[in-house]
Amino acid sequence: MAVRSLRVAILDDDPSVRVAISRLLNASSMIGDSFATSIDLFNAMETARPDCILVDLYMPTLDGLEVMSYLRQIGVTAPVIIMTAHDDPTLRDRCLRAGATAYLRKPLEAAELLDSITRSARPPTI
Numbered sequence: 016m017a018v019r020s021l022r023v024a025i026l027d028d029d030p031s032v033r034v035a036i037s038r039l040l041n042a043s044s045m046i047g048d049s050f051a052t053s054i055d056l057f058n059a060m061e062t063a064r065p066d067c068i069l070v071d072l073y074m075p076t077l078d079g080l081e082v083m084s085y086l087r088q089i090g091v092t093a094p095v096i097i098m099t100a101h102d103d104p105t106l107r108d109r110c111l112r113a114g115a116t117a118y119l120r121k122p123l124e125a126a127e128l129l130d131s132i133t134r135s136a137r138p139p140t141i
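The sequence shown begins at 16 in our numbering and counts up by one.
What the hints contain is simulated information worked out from the structure, not anything from laboratory work.
Only a predicted model underlies this, so the values are computations on that prediction, with no experimental measurement involved.
Ideal Cβ placement from N, Cα and C applies to all residues, glycine included.
Some clues are possibly wrong.
[Said to hold, decoys possible] Result set (DMTMM-like, lysine to aspartate or glutamate): computed pairs, CA atoms no more than 25 Å apart in a straight line:
hint: 1; residue 1: Lys121; residue 2: Asp28
hint: 2; residue 1: Lys121; residue 2: Asp55
hint: 3; residue 1: Lys121; residue 2: Asp78
hint: 4; residue 1: Lys121; residue 2: Asp103
hint: 5; residue 1: Lys121; residue 2: Asp29
hint: 6; residue 1: Lys121; residue 2: Asp102
hint: 7; residue 1: Lys121; residue 2: Asp48
hint: 8; residue 1: Lys121; residue 2: Glu81
hint: 9; residue 1: Lys121; residue 2: Asp108
[To be verified] Computed beta-carbon distance windows for the label pairs:
hint: 10; residue 1: Gly90; residue 2: Ala126; range: 28 to 38 Å
hint: 11; residue 1: Asp102; residue 2: Asp28; range: 14 to 24 Å
hint: 12; residue 1: Arg109; residue 2: Ile89; range: 16 to 26 Å
Could you put together the complete structure from these sequences and hints?
Next comes the structure, spelled out in structure tokens:
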């Protein structure tokens, strides 16, 4: 059986973060779909389901916990990895208790990010 590339959704309001993560994923034979707003991500979930979702904790409208909660409400079961530049052990625990599969600090370490994605997501076979 063949295994297709992992598809990863990236939600971050910083365009440079989205581009950097997308390039890293592409170089690692993964597919990165970038979104600047939670609405863009939610709309995309109507037609495509990623294998993993990277969500910035601090976004202009909904925070990462609210995004994760809404994704579950609309039936998206893909693992969610929370990213933040503002590390806080209390928030880390809260995110993990809420269902995040990982909590990563920015600036992201490439190896840690890729490891978190591959441990979290299991692509379906084709």
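To see whether the hints hold, each was checked on the structure:
no.: 1; hint: Lys121 with Asp28; result: holds, 14 Å
no.: 2; hint: Lys121 with Asp55; result: holds, 23 Å
no.: 3; hint: Lys121 with Asp78; result: holds, 16 Å
no.: 4; hint: Lys121 with Asp103; result: holds, 12 Å
no.: 5; hint: Lys121 with Asp29; result: holds, 12 Å
no.: 6; hint: Lys121 with Asp102; result: holds, 8 Å
no.: 7; hint: Lys121 with Asp48; result: holds, 19 Å
no.: 8; hint: Lys121 with Glu81; result: holds, 20 Å
no.: 9; hint: Lys121 with Asp108; result: holds, 17 Å
no.: 10; hint: Gly90 with Ala126: 28 to 38 Å; result: holds, 32 Å
no.: 11; hint: Asp102 with Asp28: 14 to 24 Å; result: holds, 18 Å
no.: 12; hint: Arg109 with Ile89: 16 to 26 Å; result: holds, 22 Å
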